[in-house]
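Quick note, the sequence shown lines up with residues -19 to -1, 1 to 140 if you use mature numbering (1 follows the signal peptide of the UniProt record, and there is no 0).
Please keep in mind that the hints were generated in silico from the structure rather than gathered at the bench.
One or more hints might be untrue.
[Stated by the list, open to error] Within a straight-line C-alpha distance of at most 20 Å, the following computed SDA-like cross-link-like pairs (lysine to any residue) qualify:
{"no.": "1", "residue 1": "K139", "residue 2": "H55"}
{"no.": "2", "residue 1": "K124", "residue 2": "N114"}
{"no.": "3", "residue 1": "K57", "residue 2": "T24"}
{"no.": "4", "residue 1": "K78", "residue 2": "S65"}
{"no.": "5", "residue 1": "K80", "residue 2": "D27"}
{"no.": "6", "residue 1": "K57", "residue 2": "D25"}
{"no.": "7", "residue 1": "K78", "residue 2": "D25"}
{"no.": "8", "residue 1": "K57", "residue 2": "C8"}
{"no.": "9", "residue 1": "K78", "residue 2": "E34"}
{"no.": "10", "residue 1": "K124", "residue 2": "H55"}
{"no.": "11", "residue 1": "K78", "residue 2": "L58"}
{"no.": "12", "residue 1": "K57", "residue 2": "Y26"}
{"no.": "13", "residue 1": "K124", "residue 2": "E34"}
{"no.": "14", "residue 1": "K80", "residue 2": "R31"}
{"no.": "15", "residue 1": "K139", "residue 2": "L3"}
{"no.": "16", "residue 1": "K57", "residue 2": "R37"}
{"no.": "17", "residue 1": "K78", "residue 2": "R52"}
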Amino acid sequence: MSTSILLGFTLVLVPAILAHQLVPTGCVTIANRRVERYLVSSTDYDVDRRHVEYERDAETWIVTWEGSYYRITHAKLGEDFYESEYYRNGNYLFTWKPKTRITDGGASWIITPTDPGFFQIKNVKFGHCLYTNEMNSWICAYKDCDNSRYEWKISSVKC
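Using the sequences plus the hints, can you model the full thing?
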């Protein structure tokens, strides 16, 4: 293998491996950088899904590495966190109540370090990042991903 090809692979793979190693997995709390409040489950939307929002008191989530992406699951409820196609001031985010897995990318996430301890959480299917507008406790997803409203502190906690 030529040196230039090896160098190219190294320049691509090393940053990706290092970024993956920085993302906390297992039991975590997830807090928005701007509002300093935690991602939590909320009220039922319908029989299959539950809203998410932010609150002062943390709830535990489980971040797992699945192939090329992450899955985020509510620890107590066992419900996967996902972005839906429903849109009103951003795409709706829910947890999925049925015990089947969402496999179309809606529950798959790219978690990218921004500053030490902070991350952007981007949906694989839609390419949108988790966002909060600070005006209510609603969390939604937009494509911009361009300021601290899109940044989240992910902290390891005891399960």
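Structure-based check of each hint:
1. K139 with H55: The hint holds at about 14 Å.
2. K124 with N114: holds (14 Å)
3. K57 with T24: holds (15 Å)
4. K78 with S65: Judged against 20 Å, a Cα distance of about 14 Å means the pair holds.
5. K80 with D27: Roughly 15 Å separates the two Cα atoms, so the pair holds.
6. K57 with D25: This hinted pair holds, its Cα atoms lying about 16 Å apart.
7. K78 with D25: Satisfied, since the Cα-Cα distance of roughly 10 Å is no more than 20 Å.
8. K57 with C8: holds (11 Å)
9. K78 with E34: Judged against 20 Å, a Cα distance of about 16 Å means the pair holds.
10. K124 with H55: violated (24 Å)
11. K78 with L58: Given pair K78, L58 holds - Cα atoms ~8 Å apart, limit 20 Å.
12. K57 with Y26: Holds, at about 18 Å.
13. K124 with E34: holds (19 Å)
14. K80 with R31: holds (13 Å)
15. K139 with L3: holds (18 Å)
16. K57 with R37: Since the Cα atoms of K57 and R37 sit roughly 18 Å apart, the hinted pair holds (cutoff 20 Å).
17. K78 with R52: Given that 20 Å is the threshold and the Cα spacing comes to 15 Å, the pair holds.
In this structure, the one hint that does not hold is number 10.
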